[in-house]
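The lines below spell out each chain.
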Amino acid sequence: MMELVCPAGTPASLKVAVDAGADSVYCGFRNETNARNFPGLNFSTKEMEEGIAYANANGSKVLVAINTFPTAGNEQLWRDHIDIVARCKAHAVILCDISLLEYARTKHPELRRHLSVQASASNPDSINWYVNTFGVSRVVLPRVMAMDQIAYINEHTTAELETFVYGGLCVMAEGRCSLSSYATGKSPNMQGVCSPASHVEYIEEGSELVSKLGEFTINRFGKTEPAGYPTLCKGRFVTGDEEENISYLFEDPISLNVSEMLPNFAKAGVKALKIEGRQRSKAYVKAVVQAFKQAVQEVENGETPTLDLTALSEGQRETQGAFKKGWK
Amino acid sequence: MTTEFKLNLGANPFHWDPDKWRDFYFKIAEESCYDEIHVGEMVCAKRFPTFHKQIDEVVERIQSCGKKPILSTLALIISNGEINVNRKLVEKAVKNNITIEANDNSAMHLLNGVEHVIGYLVNTYNESTFDLYAKGGATRICLPPELPRKSIKAISENKKSTAELEVFVFGRLPLAIATRCYHARHYKLPKEDCKLICIKDPDGMSVETVDYEEFLVANGLQTMSFTCANLINEIADLKNIGATSFRISPHSFDMIAIAKQFRMVIDEQISPNEATAKLKEICNIPFSNGFYYGIEGHKLQL
Chain A
991 MMELVCPAGT PASLKVAVDA GADSVYCGFR NETNARNFPG LNFSTKEMEE GIAYANANGS
1051 KVLVAINTFP TAGNEQLWRD HIDIVARCKA HAVILCDISL LEYARTKHPE LRRHLSVQAS
1111 ASNPDSINWY VNTFGVSRVV LPRVMAMDQI AYINEHTTAE LETFVYGGLC VMAEGRCSLS
1171 SYATGKSPNM QGVCSPASHV EYIEEGSELV SKLGEFTINR FGKTEPAGYP TLCKGRFVTG
1231 DEEENISYLF EDPISLNVSE MLPNFAKAGV KALKIEGRQR SKAYVKAVVQ AFKQAVQEVE
1291 NGETPTLDLT ALSEGQRETQ GAFKKGWK
Chain B
1086 MTTEFKLNLG ANPFHWDPDK WRDFYFKIAE ESCYDEIHVG EMVCAKRFPT FHKQIDEVVE
1146 RIQSCGKKPI LSTLALIISN GEINVNRKLV EKAVKNNITI EANDNSAMHL LNGVEHVIGY
1206 LVNTYNESTF DLYAKGGATR ICLPPELPRK SIKAISENKK STAELEVFVF GRLPLAIATR
1266 CYHARHYKLP KEDCKLICIK DPDGMSVETV DYEEFLVANG LQTMSFTCAN LINEIADLKN
1326 IGATSFRISP HSFDMIAIAK QFRMVIDEQI SPNEATAKLK EICNIPFSNG FYYGIEGHKL
1386 QL
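So the sequence lines, in the order shown, correspond to chains A and B.
If you count the first sequence from 1, position 223 lands on 1213 in my numbering, and the numbers rise without skipping.
If you count the second sequence from 1, position 128 lands on 1213 in my numbering, and the numbers rise without skipping.
One should not assume that every hint holds.
Keeping only pairs whose Cα atoms sit at most 25 Å apart, straight-line, the calculated DSS-like set for lysine-lysine is [claimed, not checked]: (1) A/1202 <-> B/1384; (2) B/1220 <-> B/1177; (3) B/1384 <-> A/1315; (4) A/1283 <-> A/1051; (5) B/1177 <-> A/1097.
If we take Cβ atoms under 7 Å as the criterion, some of the chain B residues that face chain A in the derived model are [claimed, not checked]: (6) 1130; (7) 1168; (8) 1210; (9) 1240; (10) 1262; (11) 1265; (12) 1290; (13) 1300; (14) 1383.
Stretch by stretch, here's where chain A covers chain B in the computed footprint (C-beta under 8 Å, at least three residues) [stated by the list, open to error]: (15) 1153-1162; (16) 1190-1200; (17) 1211-1219; (18) 1225-1236; (19) 1324-1334.
In short, the hints are calculated from the structure, not lab data.
All figures in this text were calculated on a predicted structure; none of them were measured in a lab.
Glycine included, C-beta positions come from ideal geometry on N, C-alpha and C.
Bound-form chain B, shown alone (with noise of 0.2 Å):
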């Protein structure tokens, strides 16, 4: 039997309009060639009630279009309301039979022993963390951005468990998390009147050098990097050291006909140099895959 390949699509890591949210989830469900989407929200607590009604419609779609719906938990977990929104949310969908990603350890004792997945704002650096997780019941481990070729390896060479090996390959780079929001630093707002302002980026708030060469991007309480990761030219390598599972992170550009060309690259249906040229027109954000290589994450090797 020859491995199925999976091309996932990641939650939303920005904050959008919720309406224009729930049609671009109804839109990849509906037309678009990933397998499992993931919905939520990993980044700020106060993003998550505003479009909280959208999600059960979007996890309804995802179902009736034949795809999986994962629903993903905040990374940074801190004050009471977000351990009670972190909560009930894993409470719900376990209920209701909808895989949780977690982005924290802190579901860690909801979900032992259910089907799961670990996101890639868990720190599994090694294949016996990636054991330990798989043996709490995850399915599917997607591995952090930052872990270069040589980790990958080692771990699908060394692990024990079946659970599906995930790499992230394309988006803006998640770098750090902090409680501070930058957004509201830079529109001088109070953190607790912040007005959801980061609404206004729908690809992260630019970030320069006071020398203005561009270098990262803020997202309200996350840092992201300005490049775009994309180991497009990667994938049959990738392949061949044993990730099984492919994660795309969403932006505000068109993410179906970005699937196509990394499911046709997977498929070997057409070459990673015909996709890129492609990618190019997509998205205009330049690419970077340096984390791969082990060398500086802004670095795009040929």
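Next comes chain A alone, as it looks inside the complex (with noise of 0.2 Å):
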């Protein structure tokens, strides 16, 4: 059966989706090590101990993410923290630098180690570099890749597989994105965090609603319309010398929603279905391990899964993304 990935902000939504019957919950530390780092979320070394704890005695898995890459001159930081993932046996370290996978690998090689979405492996050849070089057992997939580059990429290589599933849809590939920074300072790679909420700013200008990120405008809202986060990538731009050419460029503010699809990616040979998330609330944790617990049971079981999680996706559109045809 295909394994469930969900994610845990805090040490109360651990607990929750441990309780709902994930498989396996993801998290991370309340620092810059964590491709998450956001306000008010993470763990603090006694949460995570405690955690993985909790999880582990209720037949759950924990997976750290140490997911961006080490800052230059200060690599202790993220290695030190390997060490407590490691003390505190969690079952698997999520990794994309390179250093901190030899790291991983020497220092604490009974640790499974996981590739990071970050490290943008999206072919057989890259995947099986870091399988042979740094003893990778599980690869993250981009959420660029469509269904049979997929199943190609299983028939090719030995690691398992993971892919998202349901939630934030990043369009550019992960681990490879400086827009952030250009605007704010502020990069996934470096800091952790993407479009930060520290550099949003909403202003109304007469019946409209401006955001901004940075001095940059992203989106101008009329009355009627939702108003939604300045996410750059989700932003509506001006393309071209033609002034009317007004669009959602890169992507509608729009998120990921694949469950109709779980029959494929077990053909296509993925281990492991991954729920994005870490910022959303223990209600929509405890709903969405519910709802895909049930619908991947439905898929071994071989029925088609009854999947309804329209109360989880808040008014916002849904996208069947890479994998729908034409998307590119």
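Could you fit the two chains together into a complex? Lean on the hints.
Okay, here's the thing in structure tokens:
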């Protein structure tokens, strides 16, 4: 049966996910070692220790994400946290930086190493290099891949494959995007943030609401339009020379939902399904874990999964992203 | 012995007419002061077949002009076609003794122990990563443009390997890459039938905010800065903190004249101010250096 990998932004969410039957829970520390380094989220060392103990005692596995690139001259912070993960007996550590993979491989060979989506390993040659050089057991695939490409990779590597199936959609290759730092000075790779709230501003101008990131206008919303968060790649822009050519050039303000395709993931050889959303509430985590748990069981039984997630999408539109024909 | 500082030209990130592309590199080979010249396609595999014949000619010309050619690989490799293009390119280069610039980890297994360059699209953020790539055979490593001075200095001070430390000093900044083509989207063409429409914009297609502020440019699958990174004022500082090579990224304007200004500043023959005035005459895109100072990349700190 495919493994369900669920988000936990807080110790309370971890407990909820474990209780709801998550096979695995992923989480990270409260600092820049974590690509979801958002205010009010994440785990202290003590909370991580307790969370892992709780999950281990209740039949769930904890995967700890140390998925930013260590700052030059301060690599020790990242290494210390790998030591903590090993000491707490987490099931695996999720890494992207090759020096950390090498550190984990030599210092904690018994700790499973998963390759983070931030490593942007998108083909068998790249994945097999990570497997052979750093002993990576599992790879989290970029969200930009199609089903036949996933199946092809599965045929050509021994690594387990994990894919995103629900939640936020990165349209750019993950781990290779400095759009956020170009506008705000803060980047996913270094500070673990993307389009950070500290640089967001909403301004009312007449009947319009303007959303800004740093100095740049990311969108303008009319009275009847729902105003979304100004994530840079989900904004409206003017392209080319014609002034009227305004569009969501990169991606619509939309989230990923490929739940209908769960049987195809099983056929393509995907080992684990990942749900995005460490910034989401406990109620969300509980509902999404329960719904997907049931759906995965249905797939296992050869049935068509019946997944009703409308209550969870919070009115946001959804897409099958790169899995949909013509998306590219 | 004094350090020899190298000035290198990157692979052209844009899509140009193949003959124009060839003539551009011929002229660079013959008339410019670049030490090493990168050629190849980093952004989109669909562009590659249009100029792969010209690549061999250009490589030969660069060699016959006494300069060193480097073959650059694709940055995002997903489809079978892309995987095969990448493998063939690397295998052929290794066989013919041409140095490869890896812009992705996909070719590492073929390059292990073979002299190569690590490009700025590979994530070398710290000294241990720098040393690991050097251990695998990299003799020059170009750091990601987003790295601030503090990181460049720390890498230089703490690295153990002797690989050249290269910094991206001029050109529109590569900010993101996707499987989606933004040129095709703009022209409402399916990606499979894009007609290589990106050829229309030799320096990228303008992407402005809805308030018509200049912000980014689209280059097929790649998103770049609207501003042109320019670290001419920081060259002296970069030399002091341990950079040994400087990377310039091609544009449609006079890249030979650009090289000349950088070379003279590196050799301390003219002041950065004099050079800046000249650079402004050659390039009409506003300059930025924010990444170097750890602030917003689009900003220019004077």
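The hints, checked one at a time:
no.	hint	in the structure
1	A/1202 <-> B/1384	16 Å, holds
2	B/1220 <-> B/1177	22 Å, holds
3	B/1384 <-> A/1315	39 Å, violated
4	A/1283 <-> A/1051	15 Å, holds
5	B/1177 <-> A/1097	38 Å, violated
6	1130	12 Å, violated
7	1168	5 Å, holds
8	1210	4 Å, holds
9	1240	5 Å, holds
10	1262	5 Å, holds
11	1265	5 Å, holds
12	1290	6 Å, holds
13	1300	6 Å, holds
14	1383	6 Å, holds
15	1153-1162	holds (count 3)
16	1190-1200	holds (count 5)
17	1211-1219	holds (count 7)
18	1225-1236	holds (count 6)
19	1324-1334	violated (count 0)
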